[in-house]
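Undergrad: Below are the chains, spelled out letter by letter.
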Amino acid sequence: MAPRPRVTVVDGDADTALVAAYERDRRDLIRRGIGLGGAIVAASSIPLLWSARNAFAAGGPDAEILVAAVRLERIAVLAYDTAIASDLLTPAFARVARRFRGHEQAHADVLTTALTDLGGTPPPEPRIKDIDSVVKGIGDLKSQADVANFTIELETAAVAAYYDAHSKLIDAKLLQTSSSIMANEAQHLVVLRQAVDRPPVPFAFENGKT
Amino acid sequence: MDVDSFLRDPLSRRRFFARSGVIVAGSSATFLAACGDDTKLAPVGPDESDLADVELLNAALDLELMAVAAYTAGAPLLKGEVLKVGKLFLEQEQEHADGLASAIKDAGGKPNQARASYEFPELRSQTDVLKFAVDLENTAIAAYIDALPKLGAGELRATAAAIISNEAEHIAVLLGALGMEQVPGAFVFGKVA
Numbered sequence: 183m184a185p186r187p188r189v190t191v192v193d194g195d196a197d198t199a200l201v202a203a204y205e206r207d208r209r210d211l212i213r214r215g216i217g218l219g220g221a222i223v224a225a226s227s228i229p230l231l232w233s234a235r236n237a238f239a240a241g242g243p244d245a246e247i248l249v250a251a252v253r254l255e256r257i258a259v260l261a262y263d264t265a266i267a268s269d270l271l272t273p274a275f276a277r278v279a280r281r282f283r284g285h286e287q288a289h290a291d292v293l294t295t296a297l298t299d300l301g302g303t304p305p306p307e308p309r310i311k312d313i314d315s316v317v318k319g320i321g322d323l324k325s326q327a328d329v330a331n332f333t334i335e336l337e338t339a340a341v342a343a344y345y346d347a348h349s350k351l352i353d354a355k356l357l358q359t360s361s362s363i364m365a366n367e368a369q370h371l372v373v374l375r376q377a378v379d380r381p382p383v384p385f386a387f388e389n390g391k392t
Numbered sequence: 015m016d017v018d019s020f021l022r023d024p025l026s027r028r029r030f031f032a033r034s035g036v037i038v039a040g041s042s043a044t045f046l047a048a049c050g051d052d053t054k055l056a057p058v059g060p061d062e063s064d065l066a067d068v069e070l071l072n073a074a075l076d077l078e079l080m081a082v083a084a085y086t087a088g089a090p091l092l093k094g095e096v097l098k099v100g101k102l103f104l105e106q107e108q109e110h111a112d113g114l115a116s117a118i119k120d121a122g123g124k125p126n127q128a129r130a131s132y133e134f135p136e137l138r139s140q141t142d143v144l145k146f147a148v149d150l151e152n153t154a155i156a157a158y159i160d161a162l163p164k165l166g167a168g169e170l171r172a173t174a175a176a177i178i179s180n181e182a183e184h185i186a187v188l189l190g191a192l193g194m195e196q197v198p199g200a201f202v203f204g205k206v207a
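Chains E and P, in that order, give the protein sequences. Add 182 to a position in the first sequence, counting from 1, and you land on the number used in my numbering. Add 14 to a position in the second sequence, counting from 1, and you land on the number used in my numbering.
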């Protein structure tokens, strides 16, 4: 068998239990009604997830991937904001959009903190026209179905981006968190597909490309 | 394997990947010490890391084969649209198993086979099956996320992530069928005891 090029993952003893504890704490605070607690808790908890020893990687491939991921998540937040502000959504769908918007914001917060811990600089806040760089046509949405189909495209693009990142990331905890975010975007896809009567789980391997 | 105790005993779940984790960590540590710098991309020879990948992939294959058996066992209790969903998910778990078996062969290993029987908890209703399926899917996700950083080949990590995302989608559908919040959190780590 021919040798394959490999990337050795740093910190193989990733502590999934710690990550889960973080998520439990965050959810618990949100459940208790501390609305802004998500962002605050996320920021204060991240040093547990992204240990100081990772600072060596400043400017490395993980930081570059994080810049792209932060940008993508912020664009998703902006897209959901735009959809929520439109008059196109039923109250039930608007609730779903607000919930998913909150998830995207939580992803952005976690990734931004990880990026700054690595010594990187977060990208500037996106503007409406920047959404076109991921999915075109947010200004042309005329119905709730249009919004659902648009956000399906957006979430699919995010899944594909995280899928690609998995062969490049070298930090173990960053890999795990990226997987957990990718899986969350995939769950969004289920709800959005169901909203427009599309098969909710069309592929056995959800990579955003098939 | 007693699946019920597996699901409820974190040590059982962690044991899936523990041995190969030691192999990976040990070989990486040796290599990195020789390099004197753990920040670089490390070209590891194929033999030992392929061996470690095979062990991890076979552990994942065991889980997928168990999931196939579980959906098969639960199908008689499912009705209508939920039965269609159960059959689809069974097929997708089988696709995962087939994909893992191919990857194991590609890495020079021998894929594990399904067990002759599995000990599942008693399932008396559609709701029982749905809840058990949620437990199984969550356990699989947690196991994959534990294993992910230990996989040597980048394409295997990406494939594992695609499987994790599919299992997460299953959970969203199953929770919906149970009348529960389909996407309960912003991060999907599976069930960690």
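Source of the hints: derived by calculation from the structure; they are not laboratory data. Every value quoted in this text rests on a predicted model; they were computed, and no experiment measured them. Glycine is no exception: its CB is placed at the ideal position from the N, C-alpha and C atoms. One or more hints might be untrue.
[To be verified] Counterexamples of contact, computed for chain E against chain P with all Cβ distances above 12 Å:
no.	residue
1	249
2	304
3	322
4	327
[As the list claims (entries may be wrong)] Listed next, the in silico SDA-like pairs over lysine to any residue satisfying Cα-Cα at most 25 Å (straight line):
no.	chain 1	residue 1	chain 2	residue 2
5	E	391	P	93
6	P	93	E	384
7	P	98	E	281
8	P	101	P	113
9	E	350	P	148
10	P	205	E	306
11	P	124	E	391
12	P	101	E	377
13	E	350	P	98
14	P	124	E	386
15	E	391	P	112
16	P	205	E	313
Undergrad: A separate judgement is required for each hint: does it hold in the structure or not?
TA: Cross-check of the supplied hints:
1. Distance check on residue 249 of chain E: its Cβ is at least 19 Å (rounded) from any Cβ of chain P, clearing the 12 Å threshold; non-interface status holds.
2. The beta carbon of residue 304 of chain E sits about 19 Å from the closest Cβ of chain P, which is more than 12 Å, so the claim that it is off the interface holds.
3. The beta carbon of residue 322 of chain E is kept farther than 12 Å from every beta carbon of chain P, the shortest such distance being approximately 27 Å.
4. Against chain P, the non-interface label of residue 327 of chain E holds: every CB pair exceeds 12 Å, the least being about 19 Å.
5. The suggested pairing of residue 391 of chain E with residue 93 of chain P is violated, with an alpha-carbon distance near 32 Å, which exceeds 25 Å.
6. Only pairs whose Cα atoms come within 25 Å are accepted, and residue 93 of chain P paired with residue 384 of chain E is accepted, the gap being roughly 20 Å.
7. Pair hint residue 98 of chain P plus residue 281 of chain E does not hold up; C-alpha atoms about 28 Å apart against a cutoff of 25 Å.
8. Between residue 101 of chain P and residue 113 of chain P the alpha-carbon distance is near 18 Å, which keeps this suggested pair within the 25 Å criterion.
9. Restraint check: the Cα-Cα separation between residue 350 of chain E and residue 148 of chain P comes to about 31 Å, which exceeds 25 Å; the hinted pair is violated.
10. Proposed proximity of residue 205 of chain P and residue 306 of chain E is contradicted: the alpha carbons are some 36 Å apart, above 25 Å.
11. As the CA atoms of residue 124 of chain P and residue 391 of chain E are separated by approximately 29 Å, the hinted pair breaks the 25 Å bound.
12. As the CA atoms of residue 101 of chain P and residue 377 of chain E are separated by approximately 22 Å, the hinted pair is consistent with the 25 Å bound.
13. Restraint check: the Cα-Cα separation between residue 350 of chain E and residue 98 of chain P comes to about 37 Å, which exceeds 25 Å; the hinted pair is violated.
14. Under the criterion of a C-alpha separation no larger than 25 Å, the hint pairing residue 124 of chain P with residue 386 of chain E is consistent with the structure, at around 23 Å.
15. Our distance criterion of 25 Å between C-alpha atoms is met by residue 391 of chain E and residue 112 of chain P, whose separation comes to about 20 Å.
16. Taken as a hint, the residue 205 of chain P and residue 313 of chain E pair is broken in the structure, with Cα atoms around 34 Å apart against an allowance of 25 Å.
Of the numbered hints listed earlier, those contradicted by the structure are 5, 7, 9, 10, 11, 13, 16.
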